[in-house]
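Line by line, the protein sequences give chains A and B.
Here the first sequence stands for residues 1 to 574, where the numbers follow UniProt numbering.
Here the second sequence stands for residues 1 to 412, where the numbers follow UniProt numbering.
Simulated from the structure, these hints should not be mistaken for lab results.
Mixed in with the good hints there might be a few duds.
[Unchecked claim] Here are the simulated lysine-lysine pairs, BS3-like style, with alpha carbons at most 30 Å apart:
| no. | chain 1 | residue 1 | chain 2 | residue 2 |
| --- | --- | --- | --- | --- |
| 1 | B | K280 | B | K227 |
| 2 | A | K483 | A | K377 |
| 3 | A | K404 | B | K13 |
| 4 | B | K11 | A | K412 |
| 5 | B | K45 | A | K426 |
| 6 | B | K250 | A | K404 |
| 7 | B | K6 | A | K298 |
| 8 | B | K281 | B | K250 |
| 9 | B | K10 | A | K405 |
| 10 | A | K404 | B | K11 |
| 11 | B | K10 | A | K410 |
| 12 | B | K6 | A | K95 |
| 13 | A | K412 | B | K387 |
| 14 | B | K30 | A | K447 |
| 15 | B | K180 | B | K190 |
| 16 | A | K419 | B | K13 |
| 17 | A | K318 | A | K506 |
| 18 | A | K80 | B | K10 |
| 19 | A | K428 | B | K94 |
| 20 | A | K412 | A | K428 |
| 21 | B | K398 | B | K302 |
| 22 | A | K405 | B | K13 |
| 23 | B | K6 | A | K404 |
| 24 | B | K200 | A | K447 |
| 25 | A | K428 | B | K45 |
| 26 | B | K397 | B | K302 |
| 27 | B | K329 | B | K373 |
| 28 | A | K404 | B | K30 |
| 29 | B | K323 | B | K350 |
| 30 | A | K433 | B | K45 |
| 31 | A | K447 | B | K75 |
| 32 | B | K11 | A | K396 |
| 33 | B | K249 | B | K281 |
Each chain is listed here by its residues.
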Amino acid sequence: RDFNERCAQCSEVNWGLTDGGGFYCKSCHNVTERTREVVNTDFVANSRVQRISKGLKKQEKNDGSCEWYICEGFQLVLKKQVEALEALGVCPQMKDEILCNFWRCYLQKTKQAYCKRPAGETVKALSVCESSTDVDSDPERPSLLHLLSLSESEGDLQTDCSFASSLSKVSESTSVYSGSVDGSLYLMKSQKEKLRMTMPMTLSFCYMALLWVREPITLSELLRFVVEGHIPYFNIFQHFPEKMKLCGLDLKIFCVESWPVYEEVFNKMHELAAFLDLPRFPDITESCFLHPDMLCMKYLMEANLPDELHNWTCRVVKKIGIGEVDFLTLTPGNKSTRKVKYDVLAAAVIVVVLKLLFLLDDHYEWLLSEFAEERNKNNTEGSPYFEFKKWYEVVKHSMDVEQKKLDEEKAKYLWRCEKPLFYSVKNKSKVLKRRQMVVNLQNQFGKLSDSVQRAEKPNPSSFQLSWSEENTDGSCFHGHSLKGILQEKCGFLRAMNPDYWLCTVKLCNEKLCGHLAHYREAEFPQSYHFVLGLFSFLLRIQPSYIHDDVCMIEHKLFNKKLYTKLKYNTVLRK
Amino acid sequence: SSNEHKLNFKKSKETCLSYIQDALLQKQWKRAAEFLTCYIESLEKDYSREHIGPSEMIWRIGTEILWHHSQSSIKEFNCFMEQMKTLGVKRYLKVCLEHVFHLLCNGQIDEAYQNLSLAESWRFGEQTAIQDKEMKLIQAYRGLLDYCSWSKQKNILLEHGEDGFSDLAVEQEMHSYFRKAAVNLKEIIKIPGVWDIFVKCYVDLLEFYGDHNEAHQVLNEYAYNSKFPANPNAHVYLYQFLKRQGESKKSLISALKILHDIVPSHELMIDFNTMLQKSKKRKKRRLGLEVIFAALDYAGWKENAKAWSCLARQMKQIVISEKHLDWIKQEWNSRKDWWPAFHFSRYLAKRNWQENKSLSYEKALVAGILLGKDCKYFKYISHQGCKAQLKRFRMLKKFVNRHSPVYLRISG
Numbered sequence: 001r002d003f004n005e006r007c008a009q010c011s012e013v014n015w016g017l018t019d020g021g022g023f024y025c026k027s028c029h030n031v032t033e034r035t036r037e038v039v040n041t042d043f044v045a046n047s048r049v050q051r052i053s054k055g056l057k058k059q060e061k062n063d064g065s066c067e068w069y070i071c072e073g074f075q076l077v078l079k080k081q082v083e084a085l086e087a088l089g090v091c092p093q094m095k096d097e098i099l100c101n102f103w104r105c106y107l108q109k110t111k112q113a114y115c116k117r118p119a120g121e122t123v124k125a126l127s128v129c130e131s132s133t134d135v136d137s138d139p140e141r142p143s144l145l146h147l148l149s150l151s152e153s154e155g156d157l158q159t160d161c162s163f164a165s166s167l168s169k170v171s172e173s174t175s176v177y178s179g180s181v182d183g184s185l186y187l188m189k190s191q192k193e194k195l196r197m198t199m200p201m202t203l204s205f206c207y208m209a210l211l212w213v214r215e216p217i218t219l220s221e222l223l224r225f226v227v228e229g230h231i232p233y234f235n236i237f238q239h240f241p242e243k244m245k246l247c248g249l250d251l252k253i254f255c256v257e258s259w260p261v262y263e264e265v266f267n268k269m270h271e272l273a274a275f276l277d278l279p280r281f282p283d284i285t286e287s288c289f290l291h292p293d294m295l296c297m298k299y300l301m302e303a304n305l306p307d308e309l310h311n312w313t314c315r316v317v318k319k320i321g322i323g324e325v326d327f328l329t330l331t332p333g334n335k336s337t338r339k340v341k342y343d344v345l346a347a348a349v350i351v352v353v354l355k356l357l358f359l360l361d362d363h364y365e366w367l368l369s370e371f372a373e374e375r376n377k378n379n380t381e382g383s384p385y386f387e388f389k390k391w392y393e394v395v396k397h398s399m400d401v402e403q404k405k406l407d408e409e410k411a412k413y414l415w416r417c418e419k420p421l422f423y424s425v426k427n428k429s430k431v432l433k434r435r436q437m438v439v440n441l442q443n444q445f446g447k448l449s450d451s452v453q454r455a456e457k458p459n460p461s462s463f464q465l466s467w468s469e470e471n472t473d474g475s476c477f478h479g480h481s482l483k484g485i486l487q488e489k490c491g492f493l494r495a496m497n498p499d500y501w502l503c504t505v506k507l508c509n510e511k512l513c514g515h516l517a518h519y520r521e522a523e524f525p526q527s528y529h530f531v532l533g534l535f536s537f538l539l540r541i542q543p544s545y546i547h548d549d550v551c552m553i554e555h556k557l558f559n560k561k562l563y564t565k566l567k568y569n570t571v572l573r574k
Numbered sequence: 001s002s003n004e005h006k007l008n009f010k011k012s013k014e015t016c017l018s019y020i021q022d023a024l025l026q027k028q029w030k031r032a033a034e035f036l037t038c039y040i041e042s043l044e045k046d047y048s049r050e051h052i053g054p055s056e057m058i059w060r061i062g063t064e065i066l067w068h069h070s071q072s073s074i075k076e077f078n079c080f081m082e083q084m085k086t087l088g089v090k091r092y093l094k095v096c097l098e099h100v101f102h103l104l105c106n107g108q109i110d111e112a113y114q115n116l117s118l119a120e121s122w123r124f125g126e127q128t129a130i131q132d133k134e135m136k137l138i139q140a141y142r143g144l145l146d147y148c149s150w151s152k153q154k155n156i157l158l159e160h161g162e163d164g165f166s167d168l169a170v171e172q173e174m175h176s177y178f179r180k181a182a183v184n185l186k187e188i189i190k191i192p193g194v195w196d197i198f199v200k201c202y203v204d205l206l207e208f209y210g211d212h213n214e215a216h217q218v219l220n221e222y223a224y225n226s227k228f229p230a231n232p233n234a235h236v237y238l239y240q241f242l243k244r245q246g247e248s249k250k251s252l253i254s255a256l257k258i259l260h261d262i263v264p265s266h267e268l269m270i271d272f273n274t275m276l277q278k279s280k281k282r283k284k285r286r287l288g289l290e291v292i293f294a295a296l297d298y299a300g301w302k303e304n305a306k307a308w309s310c311l312a313r314q315m316k317q318i319v320i321s322e323k324h325l326d327w328i329k330q331e332w333n334s335r336k337d338w339w340p341a342f343h344f345s346r347y348l349a350k351r352n353w354q355e356n357k358s359l360s361y362e363k364a365l366v367a368g369i370l371l372g373k374d375c376k377y378f379k380y381i382s383h384q385g386c387k388a389q390l391k392r393f394r395m396l397k398k399f400v401n402r403h404s405p406v407y408l409r410i411s412g
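Extracted from the complex, chain A is given alone in its bound form (with noise of 0.2 Å):
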């Protein structure tokens, strides 16, 4: 629009921009040297930027492959990704507004993008290998299974040492180390950049997605979906279009074969969220799910515990101020405040709440509930006081029953899909041969198999564990009464507990060796372990973290307490 030159064909000024980004003339189709510099002045496109904002429409080769950079990969990796996200009843806007600008923000950062001149683009690509002379000859080209280590995907020597050498005796000029253009490329500069993009930073940038629109999905329920196959993320080359070949190198980069770690996306995001400069994220308000005393709500309900014990919630939430706006919003680069796991948090509450209510020394609760049961039987109106030992009874049932299952399931995991990956095309029938046979045998021996293999994954639930006020066994315990452990006074509810035991005195530094506090199993009452194991297993994430959301929120409770302490000793030594 902004050329005005006359064509030198037919001195027409009718011009218009073909996908390399040079000018031709609408007239006469004569095609110009010029390439258009862009007026704009938030971003600065090249060629490939062009590619991913047109979609792709692209220079197809002979096989009916096109070219495609790495980096276009994971942006379609996200726009599958947030498309499953709604399908579960993300709002769209998180699609077109929020992740592709947070995208192109990463792009445009780590200069793969929307910048003058991208990394890496005067380098010669080792897309292409020609005779096997040319590869040793040069001693600059790093070699293939250096690139292959390079990957934090896990492969197996077999495979990577049988690739790299098959590769090594190819004589013709074809593109064999990866399908994409960048492939080898975007493995060898990665090694310094911290944030190179990776398949689990994907679900840091869905998160990151969802916390900007504070949807009412946690990091863990995230990478639950995750694992139970209702977002892409294994096997995601299945959505790749036929034209965007993925082989070779692509492989290491896409195809992950293990499960996402919650602390891994979780410390990458907030890594994302600084790099790119992101202003103060909205406000976590009250009303919001992650507030504490939401998500409080929902996970004693799926814990099955009594309503009223959120009152408590409440309270302890308000006391220490872990509900307050500030704490709870996320200020990218803010060094000062911890990260906040909202999930863990909200968890760590309620176990304070229990440790408060029922001590959890391994006797009182026991003892609680003896009183409880004694006047359970005398008292038939009215909703029944809450048993410390039939709940536990009740949930570890369950619990024990879930995690048969999940066990289960992890061993039943399947990581493969129909269709097969090659490596390079030279072991292409190789690998389809094998597919077939595995096809074969999986048909044989499935058709053997004890239960009928259910074809349509179940339904995403929020919820794990469910219980109903319906069922007279008593096994719900929703509307049970805490008035046995409760005494007034002064117009206030206090425990009837007056003790409590600090899961430790004194934290450790998070930043030197990870976490605050150190939870070893065999140190605590049995009734902890449990309690801690209940929501670790509801949050798929190990005790020791929720352990340490814990020990954070015992110390702001009684931080005075401590204080006194602390000064006490101290007078007494004068």
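Chain B: place on chain A using the hints.
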């Protein structure tokens, strides 16, 4: 409960294998199949680092499941085996062989033979040389099946012979099977190993065609070549052959010598002792005593009346001759601490008397000599025997009483 919330390919497959293992041990074939179905994708990641890779796992586990599962047919089994043969070229012949074993167990001799022939014709570069041992086994088993066919033909021929008919065709077929079998069987038994069935069949063939020298040679090699693992059966076969050939007692005795060394409790020890007892050579008679005492050290021989009668006979003979009482003393020395409780308790006396009078007679004689007339076993038996007015027990009592000083000399 598992606190580990991480999972990767390798870990999940390891866990899967342990579930399969549990199911197999509990014979839950359906459950094993269910988990195996999930394990199968490991084939696409062949871990050659590991000692046993996925393809071998699947072969072995799949074989077990298909063999035992109620809904699995032999057709499915065979189809599976064919797939397994293509999976690992380094294992090809092994898989073939095991497949053949299964077919044989299922009574499918012809199919087994076909598979063996097919496997025999397999060639695959340097693998052929590497899998030489398996190839020899395959040839050996084919030889074995040829032997079976030979045997069948031989029986037909013998039947016809009785009827007076001679069937040339059958005879010729029989000979051709013989040639095929002999060639392969001969080969395998050259290699050090335990080849009982091959040896037996080969010897059978040789004997039929009158090649006794070769047969003898083969059996000698099998028994005495130090490269071969110690195998009691080898000596048994040799002994039986020599007996059939009517060889001298001397060679029979020498054949059983090593058997006594390896398996003192072997049932042939009775024959051995019987031969030795009758020998003119003192050393042999001495050995005989040693042999029979050694056999009776074993619990399985406690109630073997024949064995006791051998011992009793020899001891009686020694006592009467009053020569070589020191032999008995020597043998008794290491046994006097435990044989009384082991063989001659009062409880056993009662039981033996109730169940087997001959046994108790022989044992009583031995006890009387070794432990004297006052030992509880002898006393009980002789009392019972005399009460029942059985002549031989009266004789027994007299005999022991007469020779009671002997006991003193033995025990002293």
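Status of each hint after checking the structure:
1. K280/B with K227/B: violated (35 Å)
2. K483/A with K377/A: It holds: about 15 Å lies between the C-alpha atoms, which stays within 30 Å.
3. K404/A with K13/B: Between K404/A and K13/B the Cα gap is close to 17 Å, so the pair holds against 30 Å.
4. K11/B with K412/A: holds (11 Å)
5. K45/B with K426/A: Roughly 17 Å between the alpha carbons, so the hint for K45/B and K426/A holds.
6. K250/B with K404/A: Since the Cα atoms of K250/B and K404/A sit roughly 71 Å apart, the hinted pair is violated (cutoff 30 Å).
7. K6/B with K298/A: Answer holds: K6/B to K298/A is near 25 Å, not above 30 Å.
8. K281/B with K250/B: holds (11 Å)
9. K10/B with K405/A: Within the cut-off at roughly 20 Å; holds.
10. K404/A with K11/B: The given pair, whose Cα atoms are some 17 Å apart, holds under the 30 Å limit.
11. K10/B with K410/A: Holds, because 11 Å separates the two Cα atoms, which is no more than 30 Å.
12. K6/B with K95/A: holds (29 Å)
13. K412/A with K387/B: Outside the cut-off at roughly 76 Å; violated.
14. K30/B with K447/A: Holds. K30/B to K447/A sits at ~9 Å (cutoff 30 Å).
15. K180/B with K190/B: Cα-Cα ~17 Å, so holds.
16. K419/A with K13/B: Answer holds: K419/A to K13/B is near 20 Å, not above 30 Å.
17. K318/A with K506/A: Cα-Cα ~23 Å, so holds.
18. K80/A with K10/B: Holds. K80/A to K10/B sits at ~27 Å (cutoff 30 Å).
19. K428/A with K94/B: holds (28 Å)
20. K412/A with K428/A: holds (27 Å)
21. K398/B with K302/B: The given pair, whose Cα atoms are some 25 Å apart, holds under the 30 Å limit.
22. K405/A with K13/B: holds (16 Å)
23. K6/B with K404/A: Roughly 16 Å separates the two Cα atoms, so the pair holds.
24. K200/B with K447/A: violated (44 Å)
25. K428/A with K45/B: Holds - the C-alpha atoms of K45/B and K428/A are around 15 Å apart, at most 30 Å.
26. K397/B with K302/B: holds (22 Å)
27. K329/B with K373/B: holds (17 Å)
28. K404/A with K30/B: Satisfied, since the Cα-Cα distance of roughly 18 Å is no more than 30 Å.
29. K323/B with K350/B: Distance ~33 Å between K323/B and K350/B Cα, so the pair is violated.
30. K433/A with K45/B: Answer holds: K433/A to K45/B is near 14 Å, not above 30 Å.
31. K447/A with K75/B: holds (15 Å)
32. K11/B with K396/A: Given pair K11/B, K396/A holds - Cα atoms ~26 Å apart, limit 30 Å.
33. K249/B with K281/B: holds (12 Å)
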